[in-house]
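Whenever a hint applies, use it, and build me the whole structure from the sequences.
Residue numbering for the sequence shown follows the working numbering, beginning at 1 and increasing consecutively.
Calculated from the structure, these hints are not laboratory results. Cβ coordinates follow ideal geometry from the N, Cα and C atoms, glycine included. Do not rely on the hints blindly, as some may be mistaken.
Label-pair restraints from in silico Cβ distances [as the list claims (entries may be wrong)]:
1) 20 / 122: 19 to 27 Å
2) 73 / 10: 13 to 21 Å
3) 124 / 65: 18 to 26 Å
4) 89 / 65: 38 to 46 Å
5) 12 / 124: 35 to 43 Å
6) 120 / 73: 23 to 31 Å
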Amino acid sequence: MRRERGAILIETLLVGLILFVPLFWLLGILSDMHRGALAAASAVRDAGSEISRSSDLQTGLAAIDSAVTQALVDQGIDPDTARVDIHTPRGVERGADVTIRVSVPIPVAQAPLLGNASWGPDIWVGSSYVATVDRYSSRP
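Structure (structure tokens):
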């Protein structure tokens, strides 16, 4: 009886570390994925709103760039790492459909409790939106 004194404390600490460290790591990644999904969704929604009100393609592209940058910065994501794809089969004319897709990388190998230290592969989280340029509103 005397030799095993304190063994349960050591076992509890070891098993606790083995179980809780991966759990905290997973929660950190899942929260970053959720933040990335929210940022991508708000970026495409704002970009769709901007392109549907623009008068020409160049003005629309500048407005999309500004809207996406602001939406990603609001969520704490670096806009330089994001991918923005715009598909306009007929240009920006009345009644045209414009498809916008924004994807952001989420690092998988990261240390959530040590700041933004990350390395290794990324999971890309994205959102797409189809905006229709309004047929009847007056445009600048």
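Problem - Supplied distance hint 13 to 21 Å, evaluated on CB atoms of residue 73 and residue 10 - result: Given about 47 Å between the Cβ atoms, the range is violated.
Problem - Consistency of beta-carbon spacing, residue 65 to residue 124, with hint 18 to 26 Å - result: 20 Å, holds
Exercise for the section: Just tell me: holds or violated, for the beta carbon distance of residue 89 and residue 65 against 38 to 46 Å? Expected result: 20 Å, violated
Handout entry: 19 to 27 Å as the expected CB spacing between residue 122 and residue 20, which holds or is violated
Key = Check passed, 25 Å falls within 19 to 27 Å.
Handout entry: Hint check for residue 124 and residue 12 - Cβ pair distance inside 35 to 43 Å
Key = 39 Å, holds
Practice task
Take a look at whether the Cβ-Cβ distance between residue 120 and residue 73 falls inside 23 to 31 Å.
Solution key: 25 Å, holds
The structure is inconsistent with the numbered hints 2 and 4, although it conforms to all the rest.
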